[in-house]
Amino acid sequence: MNEQSANSYDLLQAQQLLNILVPKPGSAAREKPVQIDTPKYSRLSAGELPNRVQQSRTTDEVATVLVEEAPGMDLQDFDSWESCIAWCMSSTRAEASFVVDSQGFVIASRGRIPSQGFEGAGAELICSIEQLERIAPDAGKILCLDVDFDKRRIVGFVAFSEDAPPYVIGLVAPDPLRIEMKHKITQQILQNLPNMD
Amino acid sequence: MANVISIVSSKGGTGKTTVALNLAVALAEKGDNTLLIDVDPLGAIGLSLARSDAEWTGLAEYITQKMPIEDVIIKTKLPQLSILPRGRLDPLDITLYEEILHSSQTVPEIIAAVDGMYQYVIIDSPSGLGMITRSALSVSNFVLLPLQAEALSLRSIQQTLRVITHVKENDNPKLQLLGILATMVQLHQDSSFNILKTVWSSLSGVLETYIPRADVFALASDKGLPVAFLGGKYPPEALRFELLATEIKKIIQELGGMTGESDERTERELI
Chain W
1 MNEQSANSYD LLQAQQLLNI LVPKPGSAAR EKPVQIDTPK YSRLSAGELP
51 NRVQQSRTTD EVATVLVEEA PGMDLQDFDS WESCIAWCMS STRAEASFVV
101 DSQGFVIASR GRIPSQGFEG AGAELICSIE QLERIAPDAG KILCLDVDFD
151 KRRIVGFVAF SEDAPPYVIG LVAPDPLRIE MKHKITQQIL QNLPNMD
Chain S
1001 MANVISIVSS KGGTGKTTVA LNLAVALAEK GDNTLLIDVD PLGAIGLSLA
1051 RSDAEWTGLA EYITQKMPIE DVIIKTKLPQ LSILPRGRLD PLDITLYEEI
1101 LHSSQTVPEI IAAVDGMYQY VIIDSPSGLG MITRSALSVS NFVLLPLQAE
1151 ALSLRSIQQT LRVITHVKEN DNPKLQLLGI LATMVQLHQD SSFNILKTVW
1201 SSLSGVLETY IPRADVFALA SDKGLPVAFL GGKYPPEALR FELLATEIKK
1251 IIQELGGMTG ESDERTEREL I
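Sequence order for the protein chains is W and S.
Numbering follows our numbering, in which position 9 of the first sequence is assigned residue number 9; successive positions increment by one, without gaps.
Numbering follows our numbering, in which position 175 of the second sequence is assigned residue number 1175; successive positions increment by one, without gaps.
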């Protein structure tokens, strides 16, 4: 028999885990927790995901991650939704923008406003977001929603806080927004949300 | 209250389904009402016993058609053994099936529905440590960890132990490790022997019973039978599972589980 082959296994951590899991006969579990030398696993659930696979984060986590992912970007100060959507339009090629509350009522708008207004579109965005979150309750909060129509699109950004109903900021633009730009806009909105009336 | 035992391993091909099926048979043959649940999207139990994976209704129909659970549980010719198969799941829907089992209350509802009917519920989980395995662990009282007697299986064992520890600490404090079961052991081969020797010397919680690699398992699979049901001379491998059932029942009793057995004996007269 080859006595040396046993040396190629690192079972220290396995045994440490077993020290917790294997109770002594007659006792259901160990009384004192045991310190384990956790291997240097990459924790996907600990905020190390690249942008393309992020999901299921709280508002604070999203804001934190977005700030970290956009280093060097100047944080804007908005004291009203009007100034916020004005900045959004200036940062994108949006031709119109609007803000609706959780009931779908438009509370601010700017740019090329269609004659029928954005009431219906805003309500539909709110309804769609609620529907999507019901379909996939474990997918986390929806931050952004794209609705393509004709040769344009509405990009809806969801601004939610823990203790208040969400707002949806809609940008009507001819071009799709890159994911980085979406993150920047979301970051600006979330950072300014407590200050806006 | 049923003793719910998940058979779990991060590595595929360690013999989870073979252990689950033959352990369930051994427990049932000892007179314990036993339910074998196949949550593996592959439907490995069905593949082991039926002619095709679309022969039996089961979990898939319970989920999609809301069939009552008692209508999808199969009574076997072994009176104490019932099987809840995976059902006629379209392989294209496996991702959805995994999400439903993980995010819904399906698995806890099933366990609650059968709780008073069986002494043992054996859950055959899929390979890996994904959503379904986590769901199975979250509703189990006990977990059995088959360890194939080869290097890759031994090196990956800490992954499984880490997930079990995490589930125990965060989701299901009542979860307890029954033990590590060495499978596919070939003592006449140096590599297999050395693995087993390493396991015995380095790890605690290794069961005394081990399952050897033997042609009889391939024969049983070919015939769609548990090894104990093969014709001819009773295979020693079936005896292994009887020993495993006895050892597991003893451990469950030591851990405070309900086996329905007591060490109390009434006095008898010899003459």
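One thing to keep in mind: the hints can contain errors.
[Claimed, not checked] SDA-like, lysine to any residue: derived pairs with alpha carbons at most 20 Å apart: (1) K1066/S - T92/W; (2) K1075/S - S1048/S; (3) K141/W - L1255/S; (4) K182/W - I135/W; (5) K1168/S - I135/W; (6) K1168/S - M89/W; (7) K1174/S - L145/W; (8) K1168/S - V22/W; (9) K1168/S - N19/W; (10) K1075/S - S1103/S; (11) K1168/S - A1002/S; (12) K184/W - S91/W; (13) K141/W - E1099/S; (14) K141/W - A164/W; (15) K182/W - D148/W; (16) K1197/S - M89/W; (17) K1174/S - L1255/S; (18) K1066/S - S1103/S; (19) K141/W - F78/W; (20) K141/W - K182/W; (21) K1174/S - V22/W; (22) K184/W - F149/W; (23) K1197/S - L12/W; (24) K1197/S - D10/W; (25) K1197/S - N192/W; (26) K1168/S - I20/W; (27) K141/W - C127/W; (28) K1197/S - L11/W; (29) K1174/S - N19/W; (30) K141/W - H1102/S; (31) K1250/S - V22/W; (32) K182/W - D163/W; (33) K1168/S - Q16/W; (34) K1197/S - Q13/W; (35) K141/W - S1103/S; (36) K1197/S - Q16/W; (37) K184/W - C127/W; (38) K1030/S - K1197/S.
Calculated directly from the structure, the hints in this document are not laboratory data.
Each hint tested on the structure:
1. Annotation: proposed proximity of K1066/S to T92/W is violated, straight-line Cα distance about 49 Å (limit 20 Å).
2. Pair hint K1075/S plus S1048/S holds up; C-alpha atoms about 16 Å apart against a cutoff of 20 Å.
3. For the given pair, K141/W sits about 42 Å from L1255/S by alpha-carbon distance, which is inconsistent with the 20 Å threshold.
4. A threshold of 20 Å between alpha carbons decides the hint, and for K182/W with I135/W the separation of about 23 Å lies outside it, so the pair is violated.
5. Of the pairs offered as hints, the one joining K1168/S and I135/W is violated, with about 29 Å between alpha carbons and a cut-off of 20 Å exceeded.
6. A distance of roughly 51 Å separates the Cα atoms of K1168/S and M89/W; the hinted pair therefore is violated under the 20 Å criterion.
7. Of the pairs offered as hints, the one joining K1174/S and L145/W is violated, with about 42 Å between alpha carbons and a cut-off of 20 Å exceeded.
8. Proposed proximity of K1168/S and V22/W is supported: the alpha carbons are some 12 Å apart, at most 20 Å.
9. Proximity of K1168/S to N19/W is assessed by CA-CA distance (about 14 Å); at most 20 Å being required, the pair is judged to hold.
10. Simply put, K1075/S and S1103/S have alpha-carbon atoms about 29 Å apart, too far for the 20 Å limit, and the pair is violated.
11. For the hint linking K1168/S to A1002/S, the alpha-carbon distance of about 18 Å falls within 20 Å, and the restraint holds.
12. A distance of roughly 10 Å separates the Cα atoms of K184/W and S91/W; the hinted pair therefore holds under the 20 Å criterion.
13. Of the pairs offered as hints, the one joining K141/W and E1099/S holds, with about 18 Å between alpha carbons and a cut-off of 20 Å not exceeded.
14. Annotation: proposed proximity of K141/W to A164/W holds, straight-line Cα distance about 14 Å (limit 20 Å).
15. With a CA separation close to 16 Å, the supplied pair K182/W and D148/W stays within the 20 Å bound.
16. This hinted pair does not check out: K1197/S and M89/W have alpha carbons roughly 69 Å apart, beyond 20 Å.
17. As the CA atoms of K1174/S and L1255/S are separated by approximately 11 Å, the hinted pair is consistent with the 20 Å bound.
18. Distance restraint check for K1066/S and S1103/S: the Cα-Cα separation of roughly 17 Å lies within the 20 Å cut-off, and the hinted pair is therefore satisfied.
19. Between the alpha carbons of K141/W and F78/W the distance comes to roughly 23 Å, so the proposed pair goes past 20 Å and is violated.
20. A distance of roughly 15 Å separates the Cα atoms of K141/W and K182/W; the hinted pair therefore holds under the 20 Å criterion.
21. With a C-alpha separation of about 13 Å, the suggested pairing of K1174/S with V22/W holds against the 20 Å cut-off.
22. In summary, the hint linking K184/W to F149/W is not supported, as the alpha carbons are separated by about 24 Å, beyond the 20 Å threshold.
23. Of the supplied pair hints, the one linking K1197/S and L12/W holds, its CA atoms being roughly 16 Å apart against a limit of 20 Å.
24. Only pairs whose Cα atoms come within 20 Å are accepted, and K1197/S paired with D10/W is accepted, the gap being roughly 14 Å.
25. In summary, the hint linking K1197/S to N192/W is not supported, as the alpha carbons are separated by about 63 Å, beyond the 20 Å threshold.
26. Between K1168/S and I20/W, the direct Cα distance comes to roughly 10 Å. Compliance with the 20 Å bound is thereby established for this hinted pair.
27. Simply put, K141/W and C127/W have alpha-carbon atoms about 14 Å apart, close enough for the 20 Å limit, and the pair holds.
28. Note on K1197/S and L11/W: the hinted pairing holds, with a Cα-Cα distance of about 13 Å set against a maximum of 20 Å.
29. As the CA atoms of K1174/S and N19/W are separated by approximately 16 Å, the hinted pair is consistent with the 20 Å bound.
30. With a C-alpha separation of about 19 Å, the suggested pair K141/W and H1102/S falls inside the 20 Å cut-off, and the hint holds.
31. Distance check on the hinted pair: K1250/S and V22/W sit about 14 Å apart at the alpha-carbon level, within 20 Å; holds.
32. Distance restraint check for K182/W and D163/W: the Cα-Cα separation of roughly 23 Å exceeds the 20 Å cut-off, and the hinted pair is therefore not satisfied.
33. Using a Cα cut-off of 20 Å, the hinted pair K1168/S and Q16/W holds, with the two alpha carbons roughly 15 Å apart.
34. With a C-alpha separation of about 18 Å, the suggested pairing of K1197/S with Q13/W holds against the 20 Å cut-off.
35. For the proposed pair K141/W and S1103/S, the alpha carbon gap of about 16 Å is at most 20 Å, so the pair holds.
36. Distance hint between K1197/S and Q16/W is fulfilled; the C-alpha atoms sit about 19 Å from each other, no more than 20 Å.
37. Taking the CA atoms of K184/W and C127/W, the gap is about 25 Å. The hint is violated against a cut of 20 Å.
38. Between K1030/S and K1197/S the alpha-carbon distance is near 31 Å, which puts this suggested pair outside the 20 Å criterion.
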